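Student: Spelled out, the chains give:
2 protein chains.
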Amino acid sequence: MTGEWVIVATERARRPETFAPKKKEKKTVLPARLENCPFCTGNEQLTPPEVLAYRDDQEKPDTPGWSVRVIPNKFPALEQHENGNLPDFEGAGGWNLFQDFDGYGVHEVIIETPDHNRQLADLRAEEMVLVLRAFKERILALAKDPRLKYVQIFRNHRQEAGASIEHPHGQLLALPYIPPLLEKEYRRCQEYYAENKRCLLCSLLAEEEKSGERVILKNDFFLAYIPFAAPLPFTTWIVPRQHASSLEEGEKGWEEQLAPLLRDFLFRLDEKLEDPPYNFYFHLAPLRSGPQPDYHWHLEIIPKLTIVAGLEMATGTFINVSRPEEAAQFLRE
Amino acid sequence: MTGEWVIVATERARRPETFAPKKKEKKTVLPARLENCPFCTGNEQLTPPEVLAYRDDQEKPDTPGWSVRVIPNKFPALEQHENGNLPDFEGAGGWNLFQDFDGYGVHEVIIETPDHNRQLADLRAEEMVLVLRAFKERILALAKDPRLKYVQIFRNHRQEAGASIEHPHGQLLALPYIPPLLEKEYRRCQEYYAENKRCLLCSLLAEEEKSGERVILKNDFFLAYIPFAAPLPFTTWIVPRQHASSLEEGEKGWEEQLAPLLRDFLFRLDEKLEDPPYNFYFHLAPLRSGPQPDYHWHLEIIPKLTIVAGLEMATGTFINVSRPEEAAQFLRE
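Chains A and B, in that order, are what the protein sequence lines are.
For the first sequence, the residue numbers in the working numbering are 18 to 350.
For the second sequence, the residue numbers in the working numbering are 18 to 350.
Okay, chain A solo, but in the shape it has when bound:
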């Protein structure tokens, strides 16, 4: 998808089971509710007013009774403001090398459950469906601001992966430009489509399904697999089997199909790799782009099992010390 080479180490390859972090002392038992956790139920007044919630009682926002709650980040990286004099992002600023402007965007938190002591993998499938639906609903709502070009949904699991609050939550950042890694994927997918009259990820998916050796899980709608050129150990993609460029363009009922598969995958991570920290994120077509024949949305999940160091930072080339086929088999079995 990026056109970049990956070095799969052979001299230094490690067996899949060696990536499990050292046995932790018994898992800390968390309380179901924490008095001072801003994401716990009953503490709704500790956060900015909610922008979306799924709750029993539709009448009273910012009170208990919700199962998923979306709020503005209290310390946002970007905000919407009136003096949105945005620069010409496409024109690379005309070589104005010291260009800056007031950041513009939206930074929200998706609180996935009112319970402090449950993780995403612990949610029942029907609860996870609501989380996925909240992602989609927020994308549709944010698409109304024409200055926003892309919504990045992401999740950091555990402090080692960048989570600063323990209570289970995802985040989204709406940006006023197409971010560089997406731009790179879009460009390559467009080139492939122009030459092959087919979506690049549809082609990759067909091959992965056929060979099966890197597949971890599948159901009617989705395939979870470790890509042929995975940059890091256990990097996993979950891809809709029917072409769709973004969540709102997805086949009807995709949330109900993704929830149990994602749950099963996260459960395997927990069981087989001892609940490692991980990051996951969606890669979607730009806001308001409608159905795109050349771009195919997907979810990338990266367990944090090794350290990204000087070589990777310098070059953008990754050395993967785990064979994708072995890692997939380990999680599949």
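No lab work stands behind these hints, which were simulated from the structure alone.
Here the structure is a predicted model, which means the values were calculated and not measured.
Wrong hints could be hidden among the right ones.
Just so you know, same-sequence chains aren't split out, so a pair can sit in one copy or run between any two.
Pairs of lysine to any residue residues, derived as SDA-like cross-links and limited to a Cα-Cα distance of at most 25 Å, are as follows [to be verified]: (1) K39 <-> N53; (2) K289 <-> Q346; (3) K201 <-> G333; (4) K91 <-> I24; (5) K91 <-> N60; (6) K91 <-> R29.
Starting from the structure of chain A, add chain B where the hints point.
Tutor: Chain B only, in chain A's frame:
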């Protein structure tokens, strides 16, 4: 240099001194020599034969008496081999999506001192000169293999930054293609040069020198500063003030000028941020490219003070929670 936007957080900005890792218990006192450390003097037989060493006695390789020693990595990510049927890297493989080949390249370790208990920052300037000279000599030697296109020199300081061996060392990986992040810099520098008849980094450098607010250190040959669009807290660039595209093209005597400046910088990191883990790497013109008017070599140093998480991995956009000007002042004072 990359053309990418950075979000400098204002709502969540942190004061420079807050980046110092929590006070460690007294630093561990390391022995000057470890019986089983393959990089310690006296243990030369534990490593593959050296490819370069600076030593008192020129006669006997792989014996004590050296001050800098370069060896092949015992577990190389890439190796030179005879059946070097390399693919057409430029042609993106003609949409062969599952293309692989036997990795080809060179992976070496630069042991910076025979003493187990000294860090790069502890070397005397004249000792560090030898380390820098070894980098340059290896580049010149590796340039003789036409299949190698780029040599990445890098250093991981401390385990948290990816160092698997405690004994002070740098590494180099010679690659059979131009790595993606370099390709991106080259392309942008070429575009700038074509339009402005000037090197992009020469332009940036002139502005940074003039304003001075992001400068940490300088001497006759080098400027150390935090770039205007630094992606991470305390990201520092050390740049030769006179244009040169690679180490072997550098102004005569650059090693003698870089050594004390780098030493001073690393000393400040140690003092002010409590010896944080860091990665550093050189960005150079391609092997054998000769003097390039549009590319300007430099050293990038990234202290590991925050966690690169889901947003950055997904988008390539970084949120810097430290203002470059404040961070530079903190290290300058």
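Student: What hint numbers does the structure not satisfy?
Tutor: Nothing - there is no hint that the structure violates, so all of them hold.
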